[in-house]
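Peer 1: The chain contents come next:
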Amino acid sequence: MNRKVLAEYRYTLKPIEKGYNRRTLYVNVGTKEIKEKPVTDMMIDKFVGGKGFDLYLMWQGVKDSTKWNDPENEICISFGPLCGNTSYPGSGKSIVTTISPLTGIPVDCNVGGHFGPYTKFAGFDALELQGIAEEDVIVYIDGDTGIVKIMTAPDEKINSHILAEDLIKEFADSEDKHQFVSVVSTGEAANNVLITCLNFSFWDKRRKVARLKQAGRGGTGTVFRKKGIKALVVKYSGLKVDTNNPVDLPTLQKTGLKLHKEIEAGDDTQCRMHQVGTAHLMEIMNDYDLLPIRNFKYGQMPEAESLHSREFTALFTQGMADGCWYGCSLSCCKAVDNFKPRTGPYKGQPVCVDGPEYETAAGCGSNICAWDPRDVVEINFYCDTYGVDTISFGTSVAFVMECYENGILNKERTGGLDLSWGNTDAALELLHQMARGEGFGLTVGLGVRRMKKIFAEEFGADAQFLQDIGMEAKGLEYSQYMSKESLAQQGGYTLALKGPQHDEAWLIFMDMVNNHIPTFKDKAEALHYFPMFRTWFGLQGLCKLPWNDIEPANNAQTDEPAKVPEHVANYVDIYKAITGKPMDKKELILQSERVYNFQKVFCMRMGGGRRIDDIPPYRAVGPVTEEEYNSRAERYDKLLKEKIGVDPEGKTVAEKMDITRKFREDQYQQLVDAVYERKGWTKEGVPTLEHLKNIGMDLPEVLEVVKRFL
Amino acid sequence: MKVLKTYPEKCISCHVCETTCSSLYFKEDKAELSCIQIHDETNPPVMNVCNQCQACVAACPTCAITVNKQGVVMISRSLCIGCLMCVAVCPTDSMRTAFGKHNPFKCIACGACVKTCPADALAIVEE
Ligand code: SF4
Ligand code: SF4
Ligand code: SF4
Numbered sequence: 008m009n010r011k012v013l014a015e016y017r018y019t020l021k022p023i024e025k026g027y028n029r030r031t032l033y034v035n036v037g038t039k040e041i042k043e044k045p046v047t048d049m050m051i052d053k054f055v056g057g058k059g060f061d062l063y064l065m066w067q068g069v070k071d072s073t074k075w076n077d078p079e080n081e082i083c084i085s086f087g088p089l090c091g092n093t094s095y096p097g098s099g100k101s102i103v104t105t106i107s108p109l110t111g112i113p114v115d116c117n118v119g120g121h122f123g124p125y126t127k128f129a130g131f132d133a134l135e136l137q138g139i140a141e142e143d144v145i146v147y148i149d150g151d152t153g154i155v156k157i158m159t160a161p162d163e164k165i166n167s168h169i170l171a172e173d174l175i176k177e178f179a180d181s182e183d184k185h186q187f188v189s190v191v192s193t194g195e196a197a198n199n200v201l202i203t204c205l206n207f208s209f210w211d212k213r214r215k216v217a218r219l220k221q222a223g224r225g226g227t228g229t230v231f232r233k234k235g236i237k238a239l240v241v242k243y244s245g246l247k248v249d250t251n252n253p254v255d256l257p258t259l260q261k262t263g264l265k266l267h268k269e270i271e272a273g274d275d276t277q278c279r280m281h282q283v284g285t286a287h288l289m290e291i292m293n294d295y296d297l298l299p300i301r302n303f304k305y306g307q308m309p310e311a312e313s314l315h316s317r318e319f320t321a322l323f324t325q326g327m328a329d330g331c332w333y334g335c336s337l338s339c340c341k342a343v344d345n346f347k348p349r350t351g352p353y354k355g356q357p358v359c360v361d362g363p364e365y366e367t368a369a370g371c372g373s374n375i376c377a378w379d380p381r382d383v384v385e386i387n388f389y390c391d392t393y394g395v396d397t398i399s400f401g402t403s404v405a406f407v408m409e410c411y412e413n414g415i416l417n418k419e420r421t422g423g424l425d426l427s428w429g430n431t432d433a434a435l436e437l438l439h440q441m442a443r444g445e446g447f448g449l450t451v452g453l454g455v456r457r458m459k460k461i462f463a464e465e466f467g468a469d470a471q472f473l474q475d476i477g478m479e480a481k482g483l484e485y486s487q488y489m490s491k492e493s494l495a496q497q498g499g500y501t502l503a504l505k506g507p508q509h510d511e512a513w514l515i516f517m518d519m520v521n522n523h524i525p526t527f528k529d530k531a532e533a534l535h536y537f538p539m540f541r542t543w544f545g546l547q548g549l550c551k552l553p554w555n556d557i558e559p560a561n562n563a564q565t566d567e568p569a570k571v572p573e574h575v576a577n578y579v580d581i582y583k584a585i586t587g588k589p590m591d592k593k594e595l596i597l598q599s600e601r602v603y604n605f606q607k608v609f610c611m612r613m614g615g616g617r618r619i620d621d622i623p624p625y626r627a628v629g630p631v632t633e634e635e636y637n638s639r640a641e642r643y644d645k646l647l648k649e650k651i652g653v654d655p656e657g658k659t660v661a662e663k664m665d666i667t668r669k670f671r672e673d674q675y676q677q678l679v680d681a682v683y684e685r686k687g688w689t690k691e692g693v694p695t696l697e698h699l700k701n702i703g704m705d706l707p708e709v710l711e712v713v714k715r716f717l
Numbered sequence: 002m003k004v005l006k007t008y009p010e011k012c013i014s015c016h017v018c019e020t021t022c023s024s025l026y027f028k029e030d031k032a033e034l035s036c037i038q039i040h041d042e043t044n045p046p047v048m049n050v051c052n053q054c055q056a057c058v059a060a061c062p063t064c065a066i067t068v069n070k071q072g073v074v075m076i077s078r079s080l081c082i083g084c085l086m087c088v089a090v091c092p093t094d095s096m097r098t099a100f101g102k103h104n105p106f107k108c109i110a111c112g113a114c115v116k117t118c119p120a121d122a123l124a125i126v127e128e
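As given, the protein sequences belong to chains A and B, one line each in that order. The opening residue of the first sequence carries number 8 in our numbering; numbering runs sequentially from there. The opening residue of the second sequence carries number 2 in our numbering; numbering runs sequentially from there.
Think of the hints as simulated: they come from the structure by calculation, not from any bench. Don't take every hint at face value.
[Unchecked claim] Below, a list of computed lysine-lysine pairs in the DSSO-like style, where the Cα atoms sit at most 27 Å apart:
#	chain 1	residue 1	chain 2	residue 2
1	B	28	A	261
2	A	21	B	102
3	B	70	A	215
4	B	31	A	261
5	B	102	A	184
6	B	102	A	25
7	A	265	B	102
8	A	268	A	25
9	B	70	A	184
[Said to hold, decoys possible] Here are a few chain B residues that face chain A, going by a calculated C-beta distance under 10 Å:
#	residue
10	59
11	60
12	64
13	83
14	85
15	86
16	88
17	89
18	90
19	98
20	99
21	101
22	103
23	104
[Claimed, not checked] Computed, partial: chain A to chain B, Cβ under 7 Å:
#	residue
24	246
25	267
26	268
Don't be surprised by glycine CBs; every beta carbon is placed ideally from N, CA and C.
Bound conformation, chain B alone (with noise of 0.2 Å):
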């Protein structure tokens, strides 16, 4: 299973990640809108993401959400109805949402803000 492994002793709270996620998956550059949370107020941070558990999985009552063949967790756009319920069930509250948007969004192990983070904080792995 591929995903998005994080390292808070190593976060320098840049929040460079965010940037790039939501830069890349909404076209803005808005913390609320990436898949990755840096949450700052403690020391080392705390970094939330989604681990890939697939607990949002049976939840869907449109069968929007499945596993790809790379174990990630991916949402259809076209058959989510954006009722939120994979937003409560999330045990990490990894599953994201944005009041306003349609749907929920999650990290999907795209490996984007790995690139980009300066601090070698995140990496994706197999697990």
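The following block holds chain A by itself, in its conformation from the complex (with noise of 0.2 Å):
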């Protein structure tokens, strides 16, 4: 390979001391700087580590100012002092932050893979990267000896299946070591769209492939290739049961086995992860209204029956241990095989594709009515090797199709494109048209908020429609859940911070199904809550999904079965056996509230974190059009009669559909403030001094932007 070094940093290798190094990585790709900075006691005391360490050094290197393609503006990955144990399921995760070209906030991803734990083990709590290279680059940290290098990279090919594979053969030692190495990496669409995403690989030893993962929202793909890198590259060899140097083993060894047995027994008749991971979901969303279809007007249709899971089931190949961290024996990351996609540049070439998972599945699946399963493991093949996020993707394509369902677009506004409803191949030619960079690909590339400007401006498009049904909240698009009928998940989704993702908060089931937060003040609480428990996973490098995708067979019978109790448990006793630190449920609870309100200070600090941006389309809360309230006209006359006390005899739709937005429009801004109160923020959602102070939050650089908006 024609390689030239541009920096080489040697540091000493010293052992990880109870889950931290003490250390993180400084690499700026522009003026070549590579350097190690100290984790502080303040460090660790306020941030943790994971997401709390990255949102801590991005806060020290952007300027209120900074856009996303600014050189100031950061890539930061951290792990978390549980990251990289392999003793407990689900703790492998790295947590990706940067500002967002999408929404000019930060955003946070929690990504699987090898990278994260093993740039732990070499040494870092943490990655920084800044400035703008002037030539491809790529950055390379060998653990084993301790050197980090900028070297160029001018000659391979950027898209992720092939340059994650190529990178791994040739940084390994041998043949036979491939699974020491792993590669952070984009595709060609991040050249050219905002939409993207990064994939942190694993290698799979008995595929003989290298797997992706993805840091998948807020185009930190597009960021990563605007630094002008094409590929991060670890390599860490010394992998063993005690490499995280835990303060109490056994006790560490005894949790994870007491969990991997609760998974060998209950799995089967849980979730089924081992066989379909997340995709397990489809039938269960179609059956109560929720799989997203036609850009989340319906959550239903019979047509759905044909992405029902038995249909992954058969494609994913059953039986392998597919654990996106060693130690995880959840093994969600199920793989197609030998997949030959029909289209583009790989047309007929065998090829590995990760998942397809739920998000991908009902996204570029039942939301843009694309009904064969198989269509939907390709564009899920070229969305992960292109680099583009399948979520945002999905969303913004479902959108477009709305749009020219209604004649917003035509075959003359989208270059020939016939975007009707499950026209998979124009599907597919929009994503290879966002990795040629050309034609009508690069517009939805820019995601819906960008789109929703361009076709009010350029076409004449009703802005209130687009705004109605774009479903977008901060400039991220919606994953893909229906929250229309669940007030909590309308919360759950628009208040998260980085934008409308489901790793905050998914109350659907116990608001509207179960009906267990019923008022504002319950509603207020679990959208205090989870948020804050989840937050935490960010902040250690866990995965979420051991969490509550598998429960003890006595959970029902616990006082708070959504919390998962004994899990809960499981998490205070694997963060005392590996810190040695004091912790209880409690404590877990405000170690996330520092982080929390500190990222939402920051969104403020970039120009979001607003009330304003805390709105949901309308798509999200309610029946848009008229087709849609027919759709479910029993559903919502009865929501009329019981619930707003009017009658709706004699009415017509437009005045039903009427006095239902303003219903639910209202109740939605009555939930907000009941979630500020309950967040110690005020009505404008600015967290008080008081609040900062209590959660010991109040550094100086913190309140002196909070006291800007008070």
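With the hints as a guide, dock the two chains, each given alone in a separate frame, to form the complex.
Peer 2: As structure tokens, then:
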């Protein structure tokens, strides 16, 4: 390979102590500066690790005015003190943050693959990337010898399924050591559009391929390519059960084994993660009218039967140890082997496709009416290798298909593409255009928020209608659940700091199906607790799935089944076993609360984080069109009568829709009031000084920003 | 396939096999470190040992578990990262672990215990 070393930095290898290296790695690909930074006690106390460290480092690195494409924007990747242990399922996550090209505020993604744990064991608690390189580069961390290099990368292909594999082969010591190398990369689309992702690899020894896990949301791939980074490569060969150096290995092992056994006994009858991963949700969502169909118009259609999880189970190779990190017995990372795409540059070549996971099967399947599972697999493959986020892609394509249906778009405006519902050839062509950097794909790849503006300004479309059907908030596309009938989930989505992603709170069953949180106060409590609890995974380097996608056999009999109390106790135990620090379920929430509020203030500092940023498009709240109202007329009429106290008899659909809308929008605003109050924020969504002091996030630089808004 | 076969009706619960096994592999006379386990709460006792069924092979994420030419399931200590996933999938609870040790352990049908058993309750057989 024709590579020049542009900069080299040698560091001292030393063992990890109780989950921490106590240093981070800074790499500026523009100035070619490489250095280590100490991790202070303050950082550990206030920011813990993972997303906390990312945001703390990024806060120092950027200015109030920093845009995604400025050299000082950073990509931070951190791992957390629990990350990399091989005993407890779901312990290998990296958290990526950057100022997002879609939202202008920090975005955070939780991603599997081996890069995070290996970089941690190479010696660093976080990796901070800054600057813009003059030519394409690779950043290489050799954790076996203690060398970091910036190298030129002139020759190789960019698309991830090829690049990850090539680099693993290049940097591995020998053919039997591929599993010690991991690569972060994106794809050609990240040169051209904004709805992009990063792929984190892990070498699959049985399949002999590089598997790819996505840091999906918010356009991280575009920032990566803007920086001129082609790939990050890490090598670390010394992994053992105690590499993370826990204070109490026996407790860690015991807690892990207990969960392994629970998974072994329960997964087949609970979520079937082993067999089909998160795609097991397809029929459940369709049954409950929650599966997004036709740009979130409907939650259920008979056609969705063809995307039943049994179809995906049949496509996935069964019986493999499909964990995205060692020790994850939930093994949800399913793959379709020897898939032969029918379109595009890799047409006819056998490839291994990671997924589809639920989000992809819904977003690139039901939401755009792609009813053939193999089409979904193909879109999934090209999204991944081109570096496109399947969630934003699905929601953006669904949006343009609805615009096409309404005559806002036509063949003339789409460059000849027929964007009728279910035209998967056209959807795939949009994807190929994103990679080639041409055609209408470039517009779709800007995401829903920018498209709304373009369609209104250039095509004279009704801006209000576009606002109502364009499923984005804060600039980020919604992920794939219907929130219309769950007020709590409307909040769960739209109040999420980075934009509407389900990783802060998923309350639909609790709220809509089981009616466990009927009052505003109950909903606000849930919208406080669950986002905080789930934030903790991102501080520690953990995966959310082993928390509640497997439950202890007696979980339903506990006081608070939705919290899965036994698993919360496990987390407390493994935290103590690794770090040796005190912990209980209250301190756990408090750790999160500090970082969560810091992130909120960070959003405000970058120009977001206001109450108006927390408003959903009406499609997420209620029926936008008469067609939608009529399709569920009985439900909506009943609601008018019972909840609003209006007799639907004799009213036109338009009148009924109007009353429904006013009611629902008002309910949403009341919910926001309740949640802000519970979170310790003002009515405008600004954390109060008193609250910041109470939780211990009253750093001077934080207060300085907050005071501008009080 | 080479297997350690047990004859519980002959077993006199003297636990010599456990001493032999743990002393050989861990240099310690400790029943919990033995690959064979004699549970003498019942009569005849329960003799638990790996039957080389191979269920653990596919579960190992690092491919540390392989089957040798004689059909014996072996763990590579250099590849094992101690996740204990194999322990959870073993249908007979014969993949053994002692918390604090780095790797699980199991019977490799070496036959050392056969030689020390005073009651002929163990044998290496081809199945
Ligand atoms: S549950 Fe799935 S995503 Fe989570 S750590 Fe395990 S394999 Fe990875
Ligand atoms: S350890 Fe258990 S799973 Fe593995 S071969 Fe022996 S009996 Fe089978
Ligand atoms: S404990 Fe070792 S042998 Fe067992 S599954 Fe894990 S890595 Fe494989």
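Peer 1: Give a verdict on every hint.
Peer 2: Evaluated hints:
About 24 Å separates the Cα atoms of residue 28 of chain B and residue 261 of chain A, which keeps this hinted pair within 27 Å; it holds. At most 27 Å may separate the alpha-carbon atoms for a hinted pair to count; residue 21 of chain A and residue 102 of chain B meet this at roughly 22 Å. Only pairs whose Cα atoms come within 27 Å are accepted, and residue 70 of chain B paired with residue 215 of chain A is accepted, the gap being roughly 23 Å. Distance hint between residue 31 of chain B and residue 261 of chain A is fulfilled; the C-alpha atoms sit about 19 Å from each other, no more than 27 Å.
Among the hinted pairs, residue 102 of chain B with residue 184 of chain A is consistent with the structure: their alpha-carbon atoms are about 25 Å apart, no more than 27 Å. A hinted pair counts as satisfied when its Cα atoms are at most 27 Å apart, and residue 102 of chain B with residue 25 of chain A qualifies at roughly 18 Å. Our distance criterion of 27 Å between C-alpha atoms is met by residue 265 of chain A and residue 102 of chain B, whose separation comes to about 16 Å. A threshold of 27 Å between alpha carbons decides the hint, and for residue 268 of chain A with residue 25 of chain A the separation of about 26 Å falls inside it, so the pair holds.
As the CA atoms of residue 70 of chain B and residue 184 of chain A are separated by approximately 24 Å, the hinted pair is consistent with the 27 Å bound. Taken as an interface hint, residue 59 of chain B checks out: its beta carbon lies about 6 Å from the nearest beta carbon of chain A, inside 10 Å. The interface hint given for residue 60 of chain B is met, as the beta carbon of that residue sits about 6 Å from the closest beta carbon of chain A, less than 10 Å. Against a cut-off of 10 Å between C-beta atoms, the interface hint on residue 64 of chain B holds, since the closest Cβ of chain A lies about 5 Å away.
Given the 10 Å rule on beta carbons, the hint for residue 83 of chain B holds: about 3 Å separates it from the nearest Cβ of chain A. Taken as an interface hint, residue 85 of chain B checks out: its beta carbon lies about 5 Å from the nearest beta carbon of chain A, inside 10 Å. Evaluation of the residue 86 of chain B hint against chain A yields a held restraint, the C-beta minimum of about 5 Å falling below 10 Å. The interface hint given for residue 88 of chain B is met, as the beta carbon of that residue sits about 6 Å from the closest beta carbon of chain A, less than 10 Å.
Given hint, residue 89 of chain B at the interface with chain A, holds; its Cβ is 3 Å from that chain's nearest Cβ, closer than 10 Å. Taking 10 Å as the C-beta cut-off, the interface hint given for residue 90 of chain B holds, the closest approach to chain A being about 6 Å. With a least beta-carbon distance of about 7 Å to chain A, the hint placing residue 98 of chain B at the interface is held under the 10 Å criterion. Nearest Cβ of chain A to the Cβ of residue 99 of chain B: about 9 Å, under the 10 Å cut. The hint holds.
For residue 101 of chain B, the suggested interface contact is upheld, since its CB lies about 4 Å from the closest CB of chain A, less than 10 Å. Against a cut-off of 10 Å between C-beta atoms, the interface hint on residue 103 of chain B holds, since the closest Cβ of chain A lies about 5 Å away. Because the smallest distance between the Cβ of residue 104 of chain B and any Cβ of chain A comes to about 8 Å, under 10 Å, the interface hint for this residue holds. For residue 246 of chain A, the interface hint holds, the least distance from its beta-carbon to any beta-carbon of chain B being 5 Å, beneath 7 Å.
Interface restraint check for residue 267 of chain A: the shortest CB-CB distance to chain B comes to about 3 Å, inside 7 Å, so the restraint holds. Contact between residue 268 of chain A and chain B, as hinted, is supported at the beta carbon level, the nearest pair being about 5 Å apart and thus within 7 Å.
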